[in-house]
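Please build the complex by placing chain B on the supplied structure of chain A, with the hints as guidance.
Protein chains: 2
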Amino acid sequence: MGCAPMGHILYDEVMRYNPKNPYWFNRDRFVLSAGHGCMLQYALLHLAGYDAVKEEDLKQFRQWGSKTPGHPENFETPGVEVTTGPLGQGIANAVGLALAEKHLAARYNKPDAEIVDHYTYCILGDGCQMEGIANEACSLAGHWGLGKLIAFYDDNHISIDGDTEIAFTENVDKRFESLGWHVIWVKNGNTGYDEIRAAIQEAKAVTDKPTMIKVTTTIGFGSPNKANSYSVHGAALGAKEVDATRQNLGWPYEPFHVPDEVKKHWSRHTPDGAALEAEWNAKFAAYESKYPEEAAELKSIVTGVLPAGWEKALPTYTPETPGDATRNLSQTMLNALAPVLPGLIGGSADLASSNMTLMKMFGDFQKATPEERNVRFGVREHGMGAICNGIALHSPGFVPYCATFFVFTDYMRGAMRISALSEAGVIYVMTHDSIGLGEDGPTHQPIEHLASFRAMPNILMFRPADGNETAGAYKVAVESRKRPSVLALSRQKLPNLPGTSIEGTTKGGYTITDNSTGNKPDVILIGTGSELEIAVKAADELRKEGKTVRVVSFVSWELFYEQSDEYKESVLPSGVTARVSIEAGSTFGWDRIVGSAGKAIGIDKWGSSAPAGKIYKEYGITVEAVIAAAKQVS
Amino acid sequence: MGCAPMGHILYDEVMRYNPKNPYWFNRDRFVLSAGHGCMLQYALLHLAGYDAVKEEDLKQFRQWGSKTPGHPENFETPGVEVTTGPLGQGIANAVGLALAEKHLAARYNKPDAEIVDHYTYCILGDGCQMEGIANEACSLAGHWGLGKLIAFYDDNHISIDGDTEIAFTENVDKRFESLGWHVIWVKNGNTGYDEIRAAIQEAKAVTDKPTMIKVTTTIGFGSPNKANSYSVHGAALGAKEVDATRQNLGWPYEPFHVPDEVKKHWSRHTPDGAALEAEWNAKFAAYESKYPEEAAELKSIVTGVLPAGWEKALPTYTPETPGDATRNLSQTMLNALAPVLPGLIGGSADLASSNMTLMKMFGDFQKATPEERNVRFGVREHGMGAICNGIALHSPGFVPYCATFFVFTDYMRGAMRISALSEAGVIYVMTHDSIGLGEDGPTHQPIEHLASFRAMPNILMFRPADGNETAGAYKVAVESRKRPSVLALSRQKLPNLPGTSIEGTTKGGYTITDNSTGNKPDVILIGTGSELEIAVKAADELRKEGKTVRVVSFVSWELFYEQSDEYKESVLPSGVTARVSIEAGSTFGWDRIVGSAGKAIGIDKWGSSAPAGKIYKEYGITVEAVIAAAKQVS
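Chains A and B, in that order, are what the protein sequence lines are. To convert, note that position 102 of the first sequence is 256 in my numbering; the numbers rise steadily by one, no gaps. To convert, note that position 392 of the second sequence is 546 in my numbering; the numbers rise steadily by one, no gaps.
Please keep in mind that the hints were generated in silico from the structure rather than gathered at the bench. All values derive from a computational prediction rather than experimental measurement. Heads up, some of the hints might be wrong.
Copies of the same chain look alike in the list, so a pair counts if it works inside one copy or between any two.
[What the hints assert, rightly or not] Below 30 Å or equal to it, Euclidean Cα-Cα: the simulated BS3-like pairs (lysine-lysine) are: (1) Lys514 with Lys341; (2) Lys698 with Lys771; (3) Lys629 with Lys759; (4) Lys213 with Lys759; (5) Lys753 with Lys661; (6) Lys768 with Lys213; (7) Lys771 with Lys213; (8) Lys636 with Lys771; (9) Lys358 with Lys647; (10) Lys698 with Lys785; (11) Lys418 with Lys629; (12) Lys759 with Lys636; (13) Lys174 with Lys753; (14) Lys514 with Lys264; (15) Lys636 with Lys768; (16) Lys341 with Lys328.
Extracted from the complex, chain A is given alone in its bound form (with noise of 0.2 Å):
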């Protein structure tokens, strides 16, 4: 109740939107990344038009299949942004929503016509500025130097364990001045309505910098006996709080209930909407007729149509290709890519040089050059994925891209599952995904990290072996807009290998190489990433002694699990239950493929730092191993 006016004046006043098209294009965005607060969107949103949330929906507040869940969730409510609720993730997403305006704007505006001009807003509170999350992208928000980023934090000293004090004595506006961001503190945040709308002026002028506009405020403000108390944190005020509440606010009214003179207030949204976005699309045909080739980009960023044939960049390869390391092959993959994929941006945090990420064509994307599509995170993992999520659901034709070491993807988790989970097809780019990176050790070797993506609903993980595999992997990656893809991606060299394709790729499982006939191999030995060629070696060894070898390469369990009956049982048929698998990973979740007759190769252990081939033969991951167990399950 203490975000009340800042949200009545921006949904009433500020705000440019369509209630009726939650999804146009050149809409202001707003995040709530506060997010538990969510009964005041909800209540804009109805109040402002929209037709996802009516009374109805208001009544059925946190209840099974409601429009209006205990947090904000993009997936469920349009006119929900981004999905929040974790804390420091909306401010993050904000950041991301605000360089996608921006990049847009310096790439597409033209002297005579300004197509991209929205500004994002954002209201945190105290829970989110305490998240090192906020304080990496809020970093980069001033480098970058967002101007038309404004954010409210909602200063109410009060947290779910009680008075701020306890923990959280910083002075954030100093934080956020050294930061880069232009600070104004609205002292009077529960009635300063007038200072309100002055800050935002104010906000608005300062172009060169993100503004926080500092409200201080009264958790739960009416409320006479909870006012300014934890009690109110999340948690309902109670029947009889909520009738005194009333009387103390002079509100007479039944629950639920709008009164007519307010629904008159608000119903001009309507017909201000509409035409709105009427004015704008009447911009962009005149854009379009001007500017033919950068309104059909911009189009595609817009409607999330990719160009037509645009997966016919991706380059093939045979077993005479040269080895290379996967990283190295995704910055091929990206480099093709670049030039016809208009929504490609992307970048990693301080490793670009060792993730292989840099589209050598365009330069940075920095304060002075936001048309420019490398994206410089800096060390800033967490913060990194949240952009990435904001800068996905800015536009669906953006295929944003992020990269660091795969075992940092632990840093990140919080913001990799709220890609999966709101649908923001992200591609995260992870190299260095094994002990095959060596000397670094074990602080830097994911053993884990397979396994707790192949566990996450609503994410595709890609751990391909060679160049066919990591084109057919930014094939799915692409093509997925609402779901994102962690690619897990070799430092060391790998050979091409025969019978590995892009089809192949798509299906997630199957065979690269079978001297068997009828479906009946002796063995089966699947692999994955830098491990399929020890089982391509380990199969050349036990058909040359006699046996019907299969190879399958599980490039991705996720889409494989997707294809037919039929089609999975011409992969793995079940009468064949020799099976080995061998991954440079934790063995957990091999059991489901090789089954309770096969054997699963892998590292159940930390890894160690050594020259990885020394790891390898030490651990157990080699041919001869893959021989043995071969041999000792069929």
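For chain B alone, coordinates are given in the frame of chain A:
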């Protein structure tokens, strides 16, 4: 090389340590948060006389089995306090080390006996500064007024991707001032030895704030061609440039050769260190005779020998005991253990009243009350985990715990992995462990988290079902001082079940009820946590229909798989393939337990916002589903 002057002054002039006993309790602690520069630390440990790092070890840098891995690892190299490399962890560990010192000093020092008295030093770089975890931990350090924490910020303007200008233009000094730190700037860190000495003096004089000494250095200082370049960030100079550097610095000696005069200069640290420890031992003996009670407590913390019989404080339960949420039972355990475990200290990330983590007999650890044992971390999960690692690794008898909602382990996984790797026995109290939390919805409902920790090496994942199992989980967690534990606890009330026990829980998986004979039940039902009740009810129904049914609690997979083959066979006989598991989380990994012929009931999609009972029903986590599956498989 830019950090060499700071390192030299610290190890040669400032720090108090005993190289022949790297674990001497009252030593000053040093943390190299910029862990990629570990050769400097190895060289200093070698010069100072630590036995772990001989000349031979320096030559084996980053080789198999060496004491000098690619990043500092406390479990490999005595003298290294914590494990760093993943950026930002080290400075947060340092906050934990300094917290531990401040707490023990306040609790045990007497006007006539300052028995706890050491500093914590840390070197961090630009990379650490960008990480959110560092801001979280440093905000707390300022809030707590950790006056004996002195951090050196190696301000070399270079990160892996090049000049920090590309992504890091904030005002770090001002940010640290806003966080409540004292800030000093040494402008010439390459050669300004006296300035560094003076800064340390000044820092020690400021006792109510931590100090950050910004030391402006040149990366690779001394290298004539590569200094001030990103090419030396974590990479070797190369033979040619090493020669040029030697010449430039006027250093004529062979590689790894320490000239006699240098050896002689440093040799005093061995007798000096022994004298420091002897002096302290005498002081402690006097303390012990005067304050036997306090000395006994402190001794337990210093040695890690827990007070005899502490586990008798854990309560037990019968099916007649009224049911309760396991988060509440966890609070009962914490409050039962607090009086008998002097090293128990911890708290929550602003969710104490939801996670139920308050020790009721103690107040809050705060700047003015550092002797208290409830820690208020604010909404800073990642910093919290790393601070607890620092506490755990300060002294082996500390039993630090920390808490948030289970889903937010995603925010702190970087620190949790380091707990597991660096053998820090932190207890992670993770409540609201499934869809059973209800209305908060999918952003707050864990799905893949149990699987993600079961796949991680050296961590114990517990999901207790009732009072006895919560007690059992605490028994193992407290005993496990070199392995962290994660306790997934329910928000909702659960009954005390027949057959559960502390003893059974310590085995990870055990039979709680069975109406079969000869280790041959018709079907085995396996559950964890809140779903064990469902398995018990399904068994009751199936038995009414004449089936023999065993119900197994699988409270900790890791512990079960560490039991003897004989024991495992007694619980899950290989001849009984009719197995059904039920758990309100991802089925990923359950195939290992239920086998190819069994069935795993779980949730492989996102949760929902609705009352818990409704979600359980809609998601098929029900008695009926277990009965149907049991009939299908048996």
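Quick rundown of the hints versus the structure:
1. When the C-alpha separation of Lys514 and Lys341 is checked against a cutoff of 30 Å, the pair qualifies neither within a copy, at 49 Å, nor between copies, at 37 Å.
2. For the homomeric pair Lys698 and Lys771, the shortest alpha-carbon distance inside one copy (23 Å) is at most 30 Å, but the shortest distance between copies (55 Å) is not.
3. Taking identical chains as interchangeable, the C-alpha atoms of Lys629 and Lys759 lie at most 30 Å apart only when they sit on different chains, with a minimum of 24 Å there against 33 Å within one chain.
4. Proximity of Lys213 to Lys759 under the C-alpha cut-off of 30 Å is restricted to the inter-copy arrangement: shortest distance 26 Å between copies versus 51 Å within a copy.
5. Within a single copy, Lys753 and Lys661 get their C-alpha atoms as close as 23 Å, and across copies as close as 25 Å, so both meet the 30 Å cut-off.
6. Taking the shortest alpha-carbon separations for Lys768 and Lys213, only the inter-copy value of 17 Å comes in at or below 30 Å, while the best intra-copy value is 63 Å.
7. Taking identical chains as interchangeable, the C-alpha atoms of Lys771 and Lys213 lie at most 30 Å apart only when they sit on different chains, with a minimum of 22 Å there against 63 Å within one chain.
8. With identical chains, the CA atoms of Lys636 and Lys771 are at most 30 Å apart between copies only, with a shortest distance of 28 Å across copies and 40 Å within one.
9. For the identical chains of this complex, Lys358 and Lys647 are neighbours neither inside a copy (51 Å) nor across copies (51 Å), given an alpha-carbon limit of 30 Å.
10. Taking the shortest alpha-carbon separations for Lys698 and Lys785, only the intra-copy value of 13 Å comes in at or below 30 Å, while the best inter-copy value is 46 Å.
11. For the identical chains of this complex, Lys418 and Lys629 are neighbours neither inside a copy (50 Å) nor across copies (64 Å), given an alpha-carbon limit of 30 Å.
12. With identical chains, the CA atoms of Lys759 and Lys636 are at most 30 Å apart between copies only, with a shortest distance of 15 Å across copies and 34 Å within one.
13. Taking the shortest Cα distances, Lys174 and Lys753 never come within 30 Å of each other, neither inside one copy (57 Å) nor across copies (47 Å).
14. When the C-alpha separation of Lys514 and Lys264 is checked against a cutoff of 30 Å, the pair qualifies only within one copy, where the shortest distance is 25 Å, while the shortest distance between copies is 65 Å.
15. In this homomeric assembly, Lys636 and Lys768 come within 30 Å of each other (Cα to Cα) only across copies, at 28 Å, whereas the closest approach inside a single copy is 41 Å.
16. For a Cα distance limit of 30 Å, the shortest separation of Lys341 from Lys328 qualifies both inside one copy, at 16 Å, and across copies, at 23 Å.
Of the hints listed earlier, those the structure fails to meet are numbers 1, 9, 11 and 13, in rising order.
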